[in-house]
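Taken in order, these protein sequences are the chains called A and B. Per the numbering used here, residue 1 is the first one in the first sequence, and the count goes up by one each step. Per the numbering used here, residue 1 is the first one in the second sequence, and the count goes up by one each step.
Treat the hints as calculated values from the structure; they're not laboratory data. Worth double-checking, as some hints may not be accurate.
Beyond 12 Å from chain B on every Cβ pair, some chain A residues (computed) [stated by the list, open to error]:
#1 Met27
#2 Val63
#3 Asp84
#4 Asp139
#5 Val155
#6 Thr157
#7 Glu176
#8 Arg235
#9 Asp255
#10 Asn306
#11 Arg307
#12 Arg328
#13 Phe392
#14 Ser419
#15 His424
#16 Gly428
Beta-carbon label-pair distances, calculated as ranges [said to hold, decoys possible]:
#17 Pro293(A) <-> Glu159(B): 25 to 31 Å
#18 Gly71(A) <-> Glu417(B): 52 to 58 Å
#19 Asp84(A) <-> Glu159(B): 43 to 49 Å
#20 Ala265(B) <-> Pro395(A): 58 to 64 Å
#21 Pro293(A) <-> Glu160(B): 54 to 60 Å
#22 Leu435(A) <-> Glu159(B): 44 to 50 Å
#23 Asp43(B) <-> Gln266(A): 33 to 39 Å
#24 Ser211(A) <-> Thr142(B): 29 to 35 Å
Stretches of chain A that chain B covers, calculated by requiring three or more beta carbons in the stretch to come under 8 Å of a beta carbon on chain B [stated by the list, open to error]:
#25 2 to 14
#26 98 to 112
#27 179 to 192
#28 311 to 322
Just so you know, these numbers come straight off a predicted model, no measurement behind them. For each residue, glycine too, the CB sits at the ideal point set by N, CA and C.
Protein chains: 2
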Amino acid sequence: MSRKIVGLTVRDVRFPTSLEQHGSDAMHTDPDYSAAYVVLDSDCGLRGFGLTFTLGKGTEIVVSAIEALAGLVVGKCLQEIVGDFRGFYRLLTSDGQMRWLGPEKGVIHLATAAVLNAVWDLWARAEGKPLWKLLVDMDPKTLVSCIDFRYITDVLTEEEALKLLMNAQEGKQQREAEMLSEGYPAYTTSCAWIGYSDQQLRQLCTDALASGWTKFKVKVGADLQDDTRRCGLVRQMIGPDNILMIDANQRWDVDEAISWVKSLAQFKPLWIEEPTSPDDILGHAAISKALAPLGIGVASGEQCHNRVMFKQFLQASALQFIQIDSCRLASVNENLAVLLMAHKFRVPVCPHAGGVGLCELVQHLILFDYICVSASLNNRMCEYVDHLHEHFTSPVMIRDAHYMPPKDPGYSCEMLETSVQRHHFPDGDVWKRLLKK
Amino acid sequence: MSRKIVGLTVRDVRFPTSLEQHGSDAMHTDPDYSAAYVVLDSDCGLRGFGLTFTLGKGTEIVVSAIEALAGLVVGKCLQEIVGDFRGFYRLLTSDGQMRWLGPEKGVIHLATAAVLNAVWDLWARAEGKPLWKLLVDMDPKTLVSCIDFRYITDVLTEEEALKLLMNAQEGKQQREAEMLSEGYPAYTTSCAWIGYSDQQLRQLCTDALASGWTKFKVKVGADLQDDTRRCGLVRQMIGPDNILMIDANQRWDVDEAISWVKSLAQFKPLWIEEPTSPDDILGHAAISKALAPLGIGVASGEQCHNRVMFKQFLQASALQFIQIDSCRLASVNENLAVLLMAHKFRVPVCPHAGGVGLCELVQHLILFDYICVSASLNNRMCEYVDHLHEHFTSPVMIRDAHYMPPKDPGYSCEMLETSVQRHHFPDGDVWKRLLKK
């Protein structure tokens, strides 16, 4: 069977999360968690599902970008793509006319992520495995053949990547068994969005503690007095031994970040996330250096736009926690490169998730990272947000604050067709009703 | 008169330059120089024209992004916008939902550039001045009020920017008079696109020398043997005293860039432009360090996506020539920030131009830079490419290889309506004919 891709459809799916301030932070005060949702049809009937995450407005721009890429995918056989996945990756990211729109950043890269996520889903389904297991079972040579090493060979060559993967083969089966029984540790961001009241916050912390959560993230950055009260409240709720992280979502300039976080140091956060512009490598390095004596690390990555940026964040010792994203980077291919570079620099990877579909996707990558790359859980955990999972055919499974490895074939981002139709923007039922108001 | 903006139209305009290999380089082998072209209508009948430059495919994505921004512009009065231009800039670049698509990079930032270019054009027309003169006559306080200093205050504060502008007031009138009589020095890229034959190259060099050109750029990076022959040929044609620059358009990795350029050092290039990824600040710093002993500088900027990136290129001594772009950065506002930072670091600015409309636009910025910021012509020149000027109502005027200051009110990017209609994609006459083939 050739598994030729005969069609690509993309839809603009939006959830009105802003109505209840879910997902609100200092810079994104009213997000409507959304997705540009891709379905690939193959001639054998098998389908591949992929998406990229957005915050509402502008999703139609990403849809337009995916439509522009469709011609590079439709008509190709799955085997032809994955047999030279590096070449296919390069085809999508380096089109002589379209690369001007990035290159490898912004809308065009988000679109590339959605398309490639669908290709990986199709591949995993064709092999009858969940994506993490497809990766775990893949031989290191095939794995590195999926990576475009352009612009990162000064830090990681193909040969070196291969060696890192070979070295991590030891203990692999044991780690896979461990994951299947224990799951991957998670932390929760659901308790303390910036738009939530103190009462909500208290209730959510109480519930989360009862469900076994031990690691909590608090959104900060809009108002220092407010942050002090909220961080104090959460630290009081969770006690001195549980872990607290804070997240400013890029609200500050470099010097402001340092002084603001120093004021919150009393609450012993493990990290400050996105203290400033996601582009500011040297700024993050300065902040890291200033906060190191306080035992506070710097985390970033959900808007770090490609492997070249991550390379430099590592070279400059600018981050103590690397937060990969399954949709900001161009799918598994580029995330593999970042996982390997992070391992080389011994910086723990703690994925960004939440949104819609991000938990479903990124759990596969971090399982692979533990089993086949880092072999470590030290200072590592994957973000979890308790929203919108009900719209997926294979939603994440959390047990005792751990991600349990998915078992269904694919990359876990197939949405229920009824959900897609109801939330289709602007003509699904949900939006027709809201827009009428 | 309120000058309320009552309408925004945007059109996808493409020129089939790839048919004759105009604009071809090592990474963009078949560009169709294109523009997302914006017209603002105001209630008093005055119109503002703006554009962002693209390479063909994907222009419709930028059009979609401009349409998404239109709602933030239409309905506002010009005075309301320019009275708080920093606030308006922030409104466009920091929308809580749309900033996820960048932030401040890629398609959404190119779209912002087109919209703001049109606003600046409208402002200059309302004042009856060419844009450069509007800027030159503007008091420093108003100038800095147009700049968003977010994320750059660790290098340049508003107070410092004001001081730099105040200090440069001395000799301003004299420099303005000098520009009006002599013009701003230019170099030509029109002689040596990568797709041109040796014969074409010889002929174009001969013609350019006869027209008074003394500075020449050669595209390199696809094949070393080819580059050696072409650079040798150009150096032979122009002699030892004229200036040669080479441009690799991001073709190499860091180590490859260093060794390749060393092989071409015999031709005494002033700079190597875009040796590697435009995102690789530390990579450019390494290349700069390696090439400094050979007297070769590193230049980049046409794909440097915002002021935060330029800030770091300067902090890291990664560039010896800063190449601003009138459409990659978000219009005059962000370019002002970069001009001031470059001046602080004493790094010469040599704008990127060419494409369609880039020469028309950027000449205004570099005139302002000389008259009001840098006050220096040392190692400075503005790119010039001899294509597509005939489509503009106020095309650039070159005299003896110098840009002569434009005199018509506005930002010089109004296109002839007949040109827009003929090249409208895909239904203008030019494209109807080509697509039929």
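For the pair Gly71(A) and Glu417(B), does the Cβ-Cβ distance stay inside 52 to 58 Å?
About 31 Å separates the Cβ atoms of Gly71(A) and Glu417(B), which means 52 to 58 Å is violated.
Is it true that Asp43(B) and Gln266(A) lie within 33 to 39 Å of each other by Cβ?
56 Å, violated
Check on Asp84(A) being off the interface with chain B, judged by Cβ distance over 12 Å
20 Å, holds
Outcome, coverage hint (the region 179 to 192 of chain A, chain B; C-beta under 8 Å; three residues):
violated (count 0)
Non-interface label on His424(A), tested against every C-beta of chain B at 12 Å
17 Å, holds
Run the C-beta distances from Thr157(A) to all of chain B and say if the shortest one exceeds 12 Å.
With a cut-off of 12 Å, Thr157(A) comes too close to chain B, as the shortest Cβ separation is near 10 Å.
Please settle this one: Arg235(A) was flagged as non-interface, so is its CB more than 12 Å from every CB on chain B?
28 Å, holds
Quick one: see if chain B covers the region 311 to 322 of chain A, three-plus residues with Cβ-Cβ under 8 Å.
Holds, because 4 residues of the region 311 to 322 of chain A bring their Cβ atoms closer than 8 Å to Cβ atoms of chain B.
No chain B beta carbon within 12 Å of Val63(A)'s:
8 Å, violated
When you look at the beta carbon of Ser419(A), is every beta carbon of chain B farther off than 12 Å?
20 Å, holds
Per the hint of 43 to 49 Å, is the separation of the Cβ atoms of Asp84(A) and Glu159(B) within bounds?
With Cβ atoms ~55 Å apart, the hint is violated.
Would you assess whether Asp139(A), listed as outside the interface, keeps its beta-carbon beyond 12 Å of every beta-carbon in chain B?
26 Å, holds
Hints 1, 2, 5, 6, 9, 10, 11, 12, 18, 19, 21, 23, 24, 25, 27 from the earlier list are contradicted by this structure; the remaining hints agree with it.
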